[in-house]
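In order, the protein sequence lines correspond to chains A and B. With the first letter of the first sequence counted as 1, position 90 gets the number 90 in this note's numbering; the numbers rise by one all the way through. Counting the second sequence from 1 gives a position; this note's numbering is that position plus 1000.
Source of the hints: derived by calculation from the structure; they are not laboratory data. For each residue, glycine too, the CB sits at the ideal point set by N, CA and C. Some hints here could point you the wrong way.
List of simulated lysine-lysine pairs, DSS-like, C-alpha gap at most 27 Å [said to hold, decoys possible]:
no.: 1; chain 1: B; residue 1: K1255; chain 2: A; residue 2: K255
no.: 2; chain 1: B; residue 1: K1224; chain 2: A; residue 2: K288
no.: 3; chain 1: A; residue 1: K255; chain 2: A; residue 2: K178
no.: 4; chain 1: A; residue 1: K102; chain 2: A; residue 2: K255
no.: 5; chain 1: B; residue 1: K1255; chain 2: A; residue 2: K224
Take a look, some chain B residues computed to stay more than 10 Å from chain A by CB distance [unchecked claim]:
no.: 6; residue: H1040
no.: 7; residue: R1188
no.: 8; residue: D1286
Number of protein chains: 2
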Amino acid sequence: MRAIEWDGKKFKLLDQTKLPESVEYIITDDYRVIIEAIKHLSVRGAPAIGIAAAFALAFASMRIKANAPKQYLRELENIAREIESARPTAVNLRWAIQRLLKLAHALQDVKSIPAILLDEAERIRREDIEMCKQIGIKGAGLLPESGGVITHCNTGALATGDHGTAQSVIVTAIKQGKKLHVYVDETRPLLQGARLTMFELQARGVETILITDNAAAFVMTQGKANLVITGADRIAANGDTANKIGTYGLAVLAKYHGIPFYIAAPTSTIDLDCPDGSTIPIEMRDPKEVTRPFGVQIAPDGVDVYSPAFDITPNELITAIITEHGVISPPYKENLKNQTAAGKVKQPV
Amino acid sequence: MRAIEWDGKKFKLLDQTKLPESVEYIITDDYRVIIEAIKHLSVRGAPAIGIAAAFALAFASMRIKANAPKQYLRELENIAREIESARPTAVNLRWAIQRLLKLAHALQDVKSIPAILLDEAERIRREDIEMCKQIGIKGAGLLPESGGVITHCNTGALATGDHGTAQSVIVTAIKQGKKLHVYVDETRPLLQGARLTMFELQARGVETILITDNAAAFVMTQGKANLVITGADRIAANGDTANKIGTYGLAVLAKYHGIPFYIAAPTSTIDLDCPDGSTIPIEMRDPKEVTRPFGVQIAPDGVDVYSPAFDITPNELITAIITEHGVISPPYKENLKNQTAAGKVKQPV
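This is chain A alone, in the form it adopts within the complex:
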């Protein structure tokens, strides 16, 4: 099951807010519908958001009526900013949009832009699928022959073009014959771990155990977990990483218990323009996601809620970062820069 499907005619987004109870698709070629789907987490996961955003801009480009290149590009850039603001933390979104904009600016003929942007969106999707496969291959060697893995949120096929990031590493290691079982944090407030990761890992035949987020420390102290691995929404130049709220706490706990903490993400998640975590914007979520999950009121009306979507894990808590090009170890400032440069050469842009 893929988060995003495109057969050259029909664009389908799996509505992940409905999982695991029902499998429903959003079929659209309206960029505003895609923006809403990103905002409401029908599509989520940094790489998948990047792909959806690219298609959104490509679809939008078809509807711009201006013929003069300057005006056409101005309208395209306005829409691009609108799409970028849907989720400010995920850097892949901005990265995908910028990649399409750059291409549009390089073209002389305005009429050729829509088809070329659509091709490019599809290229981003295909590249992402291949990158995720490579992340699994590059990272699997870090995992032990047997034992327990803790993961947080959803980093599977549903979060990417296919295969996933952290989940790709786990599943590749298991395919290589490693005897691993996975403790899945339910991941409040939106429960992507319980709803999506459990669903995906079970479908792939992986031994999974669901835990509440606050049980991870106890699992570690009992010696049941050999490592933690998560995805990332943005990695700063020094390795500081923004990911789903709760990731930072897991990294502190992993350090305290002496087990490694890994991040798995495509290089498009690395933002060399962000010097460190303090410059990454942290999106705040709607309090109702906490007080009324799935329509059930669990806290009195009108209470104050502090609900950051992400937190920042400082580089010193990260054992290694796994990308499609390989395993990056500290010092991150140097090594991320080198590998991102290497990646840029290899990417078929």
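For this one, chain A is given, so just place chain B on it according to the hints.
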């Protein structure tokens, strides 16, 4: 609002599983109904469980038909064991039951037992109210003049006879003029923080902010929290403390961020028969509490769930333990023993 009310005629348990949406009472004098209420968390919080258990045994004693002391006491002991097994981690439950049994054994006249046990249950309730008041007075001085406090689960009037434990400390400090606001962990799976603590603190006019359990680390790293304070379900002789799942993780995070971590509990929570945390039994909860909270399915059917009700915080992570007799600092092995002995002298048994 009190968890348990007794006017000499009618015994009322507030059904806390219905809060905050509706205020409903269980009115009963059947010990089996009280056992079910303890098992299903209609009444919860270690001190409140102890009180409810004492009334359960007193009510049961009225219905024993045997006249021969030996047979009467055997039946009473069987019921006592049944009540004790309702929640194995909370030591107050066992402590209250043992207190009543000891009294029954000391009486010559079987017919006098029920009235005396009922008096004793009421004495435990009144003592608990006074103890909680004292916990607040003894602990308030530890809190800063202003700042943020993180708390977990529910430790308010609803968890005790009245006033609460950790909450008594917070509220007493605020009454003394300290400018404190409280970050309340929602406390999965049963959300006692969101449902009960938010409800109680708001009713008491305290500035409260609800967070998901996994956001506590981010709150700390932003410098928004000056301390963590929780209750306890059982404190071993060396200070290791069993409390709601998630407490141990908070203690690790507090240490990492250099902020104090306090436990507040009556001395009846201290179990000198438990040498350390490894000997405290950890109750496992029903997986459905995780997968189907409030009837809403959030994870696929039949998944494996690991849902310990409690975790153990090792003594080295606890800055101080606050009881009704004062503040206990490390080394806990000596100091807990001394203060428990002092407490036993003072208690009007």
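Cross-check of the supplied hints:
For the hint linking K1255 (chain B) to K255 (chain A), the alpha-carbon distance of about 12 Å falls within 27 Å, and the restraint holds. Among the hinted pairs, K1224 (chain B) with K288 (chain A) is consistent with the structure: their alpha-carbon atoms are about 22 Å apart, no more than 27 Å. This hinted pair checks out: K255 (chain A) and K178 (chain A) have alpha carbons roughly 24 Å apart, not beyond 27 Å. Distance hint between K102 (chain A) and K255 (chain A) is unfulfilled; the C-alpha atoms sit about 42 Å from each other, more than 27 Å.
The suggested pairing of K1255 (chain B) with K224 (chain A) holds, with an alpha-carbon distance near 22 Å, which does not exceed 27 Å. No Cβ of chain A approaches the Cβ of H1040 (chain B) within 10 Å, the least distance being about 17 Å, so the stated non-interface status holds. Listed as outside the interface, R1188 (chain B) is inconsistent with that label: its C-beta sits roughly 4 Å from the nearest C-beta of chain A, within the 10 Å cut-off. With a cut of 10 Å on Cβ distances, D1286 (chain B) stays outside the contact zone with chain A, its closest approach being about 13 Å.
Consistency with the previously given hints fails for numbers 4, 7, ordered from lowest to highest.
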